[in-house]
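If you're matching them up, the sequences are chains G and A in order. Heads up: the first sequence at position 70 corresponds to 261 in the numbering used here, and the numbers run straight through without jumps. Heads up: the second sequence at position 95 corresponds to 286 in the numbering used here, and the numbers run straight through without jumps.
Be a bit skeptical, because a hint or two may be false.
Copies of the same chain look alike in the list, so a pair counts if it fits in one copy or across any two.
[Claimed, not checked] Distance condition first, Cα-Cα at most 20 Å in a straight line; then the derived SDA-like pairs of lysine to any residue:
#1 Lys418 with Gly382
#2 Lys418 with Pro306
#3 Lys250 with Pro306
#4 Lys258 with Arg273
#5 Lys418 with Ala388
#6 Lys258 with Gln274
#7 Lys258 with Glu288
#8 Lys250 with Thr304
#9 Lys418 with Met303
Bear in mind the hints are in silico, worked out from the structure with no lab data behind them. The structure displayed is predicted, hence computed values, not measured ones.
There are 2 protein chains.
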Amino acid sequence: METPQDRTDDLRANEAHPSIGDWATCAADPQYRAAVLDLLGALAYGELSAFERLAEDAKLAPTLEDKAALAGMAAAEFHHYRQLHDRLDEVGADPTEAMQPFAEPLDSFHRMTAPADWPEGLVKAYVGDSIASDFYREVAVRLDDDTRDLVLRVMADTGHAEFAVEKVREAIAADPRIGGRLALWGRRLMGEALSQAQRVVAERDALSNLLIGGVEVRGFDLVEVGKMFNRITEAHTRRMAALGLAS
Amino acid sequence: METPQDRTDDLRANEAHPSIGDWATCAADPQYRAAVLDLLGALAYGELSAFERLAEDAKLAPTLEDKAALAGMAAAEFHHYRQLHDRLDEVGADPTEAMQPFAEPLDSFHRMTAPADWPEGLVKAYVGDSIASDFYREVAVRLDDDTRDLVLRVMADTGHAEFAVEKVREAIAADPRIGGRLALWGRRLMGEALSQAQRVVAERDALSNLLIGGVEVRGFDLVEVGKMFNRITEAHTRRMAALGLAS
């Protein structure tokens, strides 16, 4: 599990990354503009679908307090969605059009990973939140100043899943046998996330180029995509281990 | 449908109501304290269950924008819940315990009024939001200064259902036959709401006394309860007529 110190280091690394200019300058390049609209659309739909699923999974909660904790995460995701949506509007894009290409992969992910019970719901909330943070951080360094500010602002409003960590630990302490099942579940979540991400990479060239090299790089490099996914997978593995789940 | 002017008038009327003192003074009376904890518990569970149902009903939305509009209402209800929950905490009450007596009536209401399609979902969102506002306004004048400030603050964050009004008008304009069905639906929503409210009145003496007469009145008066419900029903009828639905 990452510490606040890790996060500060990551943010410092982002700040050290040389600026590629502001939105107005970078968006003069139609390929860059298209890539960022893709990115904002993907993030916006990701947040909206996370809202939906967390609100749904809150039904599995054994107590009112637990339900409210997951509902609180859902409400936070909605506010993230709203910020991304408004940015799309602001730069003259149609938010619905920008989100549409990512609806099917994200809906598939959630359909394939509907939690069977409350502990699975907690692990999914935590894993989903963490992977999203990792991805926001990876992508932030490749963006123009204005888009990066937005992405970091949305990402900074995290920590809503921290309650899940404690609850999962309690559940495993109370019944160690569920640890094995939840470890398997954690692997499955990461596997489905990677599989849908690969679909998106295969279908969205401009976005993929942005992800692997930023505005400077034009060559599509599968090795770089793989490296980014590996970094996110490694972070996931460390978190699962810290949670007491061998992944 | 009420105008901003109506709302200002109502708030002015509330302000003209003589103060009964602050929370510390009034809560020295254990019956008053119990009644306000009941009220905050009922409102908190009402907001949490509204969050749940709106998030669920958002699935019926025909477009992403429509889904996001209902999800936005759900997120707003969650923030209302959070304010009420935190107030219960602040005055030393257990929020879950305070909410528990109202879980069954509110869950029953939502179970009996699950919308069959998107127009029914819109009418329910609008009617629910409006009845809640009416109730907050009715009850505010009977409260100590601190609790009234909280209730008016939560109530002031409304208007999230206004998009529903326009959408329902469009749906009726496009297919006038659904007007009859939605009018019936509006009556059913009000009927179920009244029926569950009567259950609560019958079971929660302290709360009922507060609702009908404020801290000064101790005699339980069914006529006064009836009058309050009538005022809310009349406001509902006017709103349905303004929406083009004979109620």
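Structure-based check of all given hints:
no. : hint               : verdict
1   : Lys418 with Gly382 : within (16 Å within a copy, 60 Å between copies)
2   : Lys418 with Pro306 : neither (29 Å within a copy, 47 Å between copies)
3   : Lys250 with Pro306 : both (11 Å within a copy, 18 Å between copies)
4   : Lys258 with Arg273 : between (23 Å within a copy, 12 Å between copies)
5   : Lys418 with Ala388 : within (13 Å within a copy, 59 Å between copies)
6   : Lys258 with Gln274 : between (25 Å within a copy, 16 Å between copies)
7   : Lys258 with Glu288 : between (33 Å within a copy, 15 Å between copies)
8   : Lys250 with Thr304 : both (16 Å within a copy, 18 Å between copies)
9   : Lys418 with Met303 : neither (25 Å within a copy, 52 Å between copies)
Taken one by one, the earlier hints fail for this structure at numbers 2 and 9, listed in ascending order.
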